[in-house]
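**Q** Here is how the chains run, residue by residue.
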Amino acid sequence: MRGNFIPRRGDAAGGLLVLFCIASLAACGSPGTDADDPPVVDPPPVNDDPPPADDEPEEPPVLTDVDGKVFSYLPVGALLPGSGPGFSDETVYRTDIAFPTVDPVYLNSQVYRYGGLHGSLNGMNGGQCEAPNYEYPWQDTFCEKRSRNQPLCPGGGHEGLDIRPHSCKKNEHRAVAVEDSRVIDIRRHWVTLQTADGTLYNYLHLNMGALAVSVGETLRKGDQIGLISSDFFNSDGTPSSTTTHLHFEMYENYVAAPDDEPLFTKVNPYMTLVAAYDRKLRGDE
Amino acid sequence: MKKIALATAVAALLGAAGYLAVAQEAPRNNDPAAAETLRAALKERALTRPRADATQVGQPAEEVVDGRINWTGMRTSLAISAGREVAAQQNIRATGRRPPGVRAAAPESFENVVVREVNLTRLPVLAPEGARIRQTLRVYSLGDSYSATAEVDDGVAMRISGARRKIVVGDQASARTRIKAMRAEQKTLPSLETPYLISRSESSTDLSFAKFGAGYVLSLMCDDPADTRCSDDAFIVGLASDMSLLNPEAGGE
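Those protein sequences? They're chains H and P, same order as listed. Reading the first sequence from the start, the letters are residues 237 to 521 in our numbering. Reading the second sequence from the start, the letters are residues 467 to 719 in our numbering.
Because the hints were derived from the structure by calculation, they are not lab data. Please note that the accuracy of each hint is not assured.
To be verified - Computed spacing ranges between beta-carbons, pair by pair:
no.	chain 1	residue 1	chain 2	residue 2	range
1	P	ASP519	H	THR331	13 to 23 Å
2	P	GLY609	H	VAL451	13 to 23 Å
3	P	ILE558	H	GLU408	53 to 63 Å
4	P	ILE546	H	GLY445	40 to 50 Å
5	H	VAL451	P	ARG550	28 to 38 Å
6	H	LYS457	P	ARG642	25 to 35 Å
7	H	VAL451	P	ILE546	27 to 37 Å
8	P	ARG550	H	SER477	28 to 38 Å
9	H	SER471	P	GLY609	29 to 39 Å
10	H	ARG456	P	GLY562	46 to 56 Å
11	H	ASN470	P	ARG550	38 to 48 Å
12	H	GLY458	P	GLN638	26 to 36 Å
13	P	GLU715	H	PRO368	56 to 66 Å
Every residue gets a Cβ at the ideal spot worked out from N, C-alpha and C, and that includes glycine.
All chains, please: the whole structure from these sequences, using the hints.
**A** Here you go:
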């Protein structure tokens, strides 16, 4: 798997250009200086030797994505103001999954940010394509306030995470299987996978008319499922549209201690996805 | 605007818990500057990941353990349900309603069930009873887990998933708090004599229970989420109260 920090092509050429400009400064000029600056009397000699390896730009000390953006995230359970109670769970439920998308993504609210129904709550007025929707840090949306109220999310109801793809253009960014699994259901606007451990994954709002999988099919980790879109349905069953995003849900059959009776419910995948993205950016997927 | 700015500044100082408390009181605000202030505060709190000598992310699940399936208990349940039916014959003839229970059903009797999928499954394969379900049920096995899907009625579909492996969660404090709170909500399914929990989300209404050493979740998907069959508990509890067992001869491990 390739690493995600890719030195930009042209860095080496840029270095040579700098050397050339130093050698003939009068010809190149220099941004930030003007014609009244004193002339350089003794330009340094040109070094014909190839630049040493350590002239390459140093990697930032923190992880960056393929765009060179520094990856950052807010703590689990820290939702946007007024957007719900959240649920703090530091558990990384699956420690070796692939990240569910190919391109860099932004986890944040579809409802309480730009383009969302309640974006104005925090002054985030505008359309879904506003640039601030496509920047880090990630933010948890599990137990974000919706119309439902339930035991796991009292005052909340959003039992999944909203993943905004690399751009707001739908049908362009791929969703992939996070584990070896089987497609056990395709319905309305979602696809459900199950693993041998029992874990269930729901992928919502893909382009349901152009899926790459069919029910019953066995998938390998990383196999393409479909394209992230905005497919949705009205309550009368007619097709509708939401913002361009992947709503990602995860069920686990879990216990606090090995001999306990299990609970098989949805869980907060936030830290699982942070860990998977971390591995992806390191090229360890 | 000032209130928002003050709230976010205070939130940044207080950390996660305090932040949330303040956040819930944030007033509606259409001033874009409020968003700028908020975004700046969020960036201030954000965590990054070191490229070298990286620390662990979160608290990894401790292990996945194999649940011991109580095959003897499964057969006992079948016997108890059969006994109830015998005792209630008169009532069944009068009302047409069978007592809640788990009843053996040959996979061949379901039109769309592939028998091999059932035979591969190393835990009791449960599925709700019902005429439409019987016509449309499909089973997908992964050995130690399975799912079965079916149409229940017009506008309502169901999925039941079971797993014998259990994941021991990493965030013990969170898990114990949640499990305790969730168990406090639980009632008991008369058919299976086991506690259950109902929750609702964007994609389904879920009824979770454990039986015979495995975990199960029955999910109902209504075309209209406001459909009372999904918005009320009665319908899903009714479905879970009459279960077919598709592999009554399994076990012996």
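**Q** Which numbered hints turn out to be false for this structure?
**A** Hint 8 contradicted; others consistent.
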